[in-house]
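In case you want the letters, here they are:
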Amino acid sequence: MKIKVNEVELDVTPGTSVIDAVFAAGHDVPYFCSQEYMSPIGACRMCLAKIGAPRKDRATNDWILDEETGEPKIFWFPNPMATCTTQVMEGMVVDTISKDVKKAQNAMVEFTLVNHPLDCPTCDKGGACELQDRAYEYGSGESRFVFDKRHQEKHHALSELITLDRERCIHCKRCVRYFEEVPGDEVLDFIERGGHTYIGTLEDGLPSPFTGNITDICPVGALLDTTSRFRGRNWEYHHTDTTSLDDPSGAALRIDTRTGRIERIKAGLNDDVNKTWIDDGTRFGHEYADAEDRITRPMVRRDGTLVETTWADAAREIAERIAGMDGTRIGIALRGDATLEEGVAAKALADHLGSGRLDTAPRPAASVLPDGAAATLRDVATSDALFVVGDPTEEAGIVDLRIKDALKGVEPAPLFPHGPAIADLRLKERMPRKREILTICAPYRTDLMKHAGQAHVPPATSMVDLLHALAERASATVDGGTPSGAWDDALGMTAAEADALITRMRSSTRGVMIWSAFVSNDPRADEAARTFAKSVGAKTLILGPMANTAGLERISVLPSHDRYDYASMFTPETKALFLASLDPAVDPKVADRLRELDLLVVHAAFPTATSALADVVLPAVTGYEKDGTTLNVEGRLLPVRAAPVEAGTATDFTGVVKQLGEAFGTRLEGRSVKSARRVLRKLLDVDAAELPTTGQPLPPVRGKASGARAVREYARATGDALIVPSMVRVEHLDRNPHLRAERGDAALRAHPATLHAHGLTSGDVVTLPIGGIPRQLRVTASEGVPEGLWLAPTLPEQPVGLYDANLAAMVRERSATAEVA
Amino acid sequence: MSILNVAKGMGVTLSHLFKKPVTVQYPEEKAQIQARFRGRHHLLRHPDTGLEKCIGCSLCAAACPAYAIYVEAAENDPDDPTSAGERYASIYEINMLRCIFCGFCEEACPTGAVVLGHEFELADFRYDHFVYGKEDMLVGVKGSKWQRREAERKGGEVELGFQAGPRPELEGVDY
Ligand code: SF4
Ligand code: SF4
Ligand code: SF4
Ligand code: FES
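Chains as they are written, first to last, in the numbering used here: chain A, 1 to 821; chain B, 822 to 996.
Keep in mind that the hints were calculated from the coordinates and are not lab data. Note that beta-carbon positions come from the ideal geometry of N, C-alpha and C, so glycine has one too. Among the clues, some could well be false.
Claimed, not checked - Here are some, though not all, of the chain A residues that point toward chain B, as calculated from beta-carbon distances under 10 Å: (1) CYS123; (2) GLY126; (3) ALA128; (4) HIS155; (5) ASP165; (6) ARG231; (7) ARG233; (8) TRP235; (9) GLU236; (10) ARG254; (11) ARG258; (12) GLY260.
Could you put together the complete structure from these sequences and hints?
Below, the structure is given as structure tokens:
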């Protein structure tokens, strides 16, 4: 429909808000409370403009004409209107620049500042503050206030991670709406009313895994990231727009650094992937990168102790010691969040050494690449039938949020030239959610289940049977046949429920099935899941265990034979090992094996149990300091860019290969990011150097995925300890003090009855050998865990899955009661 | 050019020969500094509470055309605050080699914490001697780093080579 903004005439789609029309016309109105991706509510009244529209004569249904001009007469609203909550109308006229409007805007700025403390010099938002900017642009420049302002708490810790300054709050309600509308955890609200209104929580703290986003969206300095409190002013930060290597969702990040330290991480905008949200593990889990004990120089073992040396010397040492060694006895392993460039480098090194023993860890038994194209995150957000097997909240937080988008049933709005719609009028506060479209299966109660229409908690050992039974039933009914019922006992739900799920998935046009490690770890379960998805016609999204597991599989950073996989590296067959950012020595049996190696090279950012055994330690960069490329869960190639962090001579794995190549006297492919990208161009037909920040979908591989291991002797997983995915990376917890203070130590979760049976209480700290790895964990009672099962968070060295817990060898390090005393 | 003009010119020279010389026998004699002279910075304190005025806001650093100032802030311990309010400068450094003594920092400061004083005897030997920290600029510290080192070596007081008139902005600074 045609409208006019000031003198600009433009065509907009019906339903557009006036504020978006104004921006689309290239004009500007100030606003505080509207936020892309959240409901417009008209709380701040900052976006005022004069609005008028022609009117039709009721009797004749013709436009009422202006007698002088003969054009339709414009009837102006008596007062300026909030443009964010007004919809465009045919022939509407908007005025954002006349004197009246300026006066109204000016008055609104003044009113907003009535109780604002104006302590910009000490405010961490200063310099990047919407209120500051609007006051500068639209304010009168001087104050008429002589009276005392409202006084409220200046630094209230909403949680260990977020500081609230109640004086600065302008009551825009963004943060309150955010929690209800985005993660669906209502943990914040207004308390009191009028000038006394303040933001607060009911219980202490913010029990939600997505709290940090409110510090990004608060238009003033009321909600601030505690990890960066007073660390720098906004104009002093160096911004790096990159992609998260924390989980496979590929969320856009902005890393703010100052004098070689990461001071904070904010969410970047990627409309297709994370919108403007990231999870707390990603946002607050960066402090480890600046930890005191970073390894900054190569070290070589001389007379039993590691001594610092130069790269050239370390590389020479390695070259000398593997000269003449049988290549097949050398192993190379990367962690699954290595970039594609590092993968190329590792492959080049393996090729040069003649070793097929190349792998990434953790890597599930089944492929993490879908057959054909993966569902995109947009597919998830617009899906009308979702079947989730696993715990996406912990595995890839963004997937959790996109699932919640789907429950609202509002299609993502097309982008305007100014970006996402500022006020999408279809979004409402407290929208009804279509819970019935979501079915979740997981071996324990997950956080997402409270949003699901149907949730099933089958025993951890029978996930495979459940999927098998479902697949059986779905395939049998493809052509309207009747299922045999042979597997019905294994369904873990009633046959009617299973049929309802199958019918719902099959009859939907945009069904998506999401699964993760609980399925991928078992080749049979994976096969069943794929069969099920195919027979109900659902797209699939497979969550890999690490950020780039899928990408590394895609470019075949894989062993040449299954028997050369990561596990084989700890058998007497191997003589030399290169381990990048992995710490297998947390398992004492593996540690013994590592001691027997002729050469152990560890590429690590921090001292670990494994680096303590190494012959050569090479300094590594963290995921924030790399240039490279990653492939996210939906098959989108995304750029990873290096933030300037002070880490001595640390490099990524391409740097290792460069130095080794020089020591070998040859130039290996993948000796630099640039050279690795030449290889990638051949492999994937894309120029990784040219990727936009928002990435680019990579066409899927044809045919069967390559990473699946052949099922030779199939063993059903058993055990009483379930290693579960964790949004908070446990291996970094010690070096992430703020995150640790908020989210607590690594938890051993069990049903209260199980704890009681073992004489444990919530809060006890125990060391429990799980699958041979002694894990120090804090006991936590949780009703959501099936009785008899122990839940512990994953480590890169201990992938998600079932293990045996050696309860007899459990040691109680500290008891909860002793701590109180 | 006439002889007369030459004589006039020489006359000026001649008349100055008999005037009192303006040369100051610095450093034997103290130089008289004008009140508005801009020399080495002082970091002031609130005279009543003794708390530092600086709140570590970095606005001086932002205003500095020579990128001479580096500030790092930290949170005050409420029981033992360093400055008034929530925030103080845990590191405050000015590189006197970069500084052009323009006074922009003084102008930018919202609390009147950094004020350019009269000290100009900043010559020193090593690069890092020119980076002045809080301990070198907080009110009460007299003299440049070198002058203070000399005074300590000789076991005497810092001797400033100038005297200056009072300036209200330099609250609590005593030359
Ligand atoms: S705390 Fe910030 S986001 Fe929340 S209502 Fe106040 S100003 Fe708005
Ligand atoms: S006087 Fe000028 S150059 Fe010197 S520190 Fe201040 S602002 Fe910078
Ligand atoms: S001296 Fe003034 S401008 Fe500079 S940091 Fe301190 S308070 Fe801010
Ligand atoms: S009223 Fe706040 S943006 Fe319109």
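To see whether the hints hold, each was checked on the structure:
1. CYS123: With a minimum Cβ separation of about 9 Å from chain B (threshold 10 Å), the hint on A:CYS123 holds.
2. GLY126: holds (8 Å)
3. ALA128: violated (13 Å)
4. HIS155: holds (6 Å)
5. ASP165: With a closest approach of 9 Å, the A:ASP165 hint holds.
6. ARG231: holds (8 Å)
7. ARG233: holds (5 Å)
8. TRP235: This hint holds: A:TRP235 lies near chain B, its Cβ roughly 6 Å from the closest one there, short of 10 Å.
9. GLU236: For A:GLU236, the interface hint holds, since the closest Cβ of chain B sits about 6 Å away, which is under 10 Å.
10. ARG254: At about 20 Å, which exceeds the 10 Å cut-off, the nearest Cβ of chain B leaves the hint on A:ARG254 violated.
11. ARG258: holds (9 Å)
12. GLY260: Violated. Min distance 13 Å.
Comparing the model with each numbered hint stated earlier shows that hints 3, 10 and 12 do not hold.
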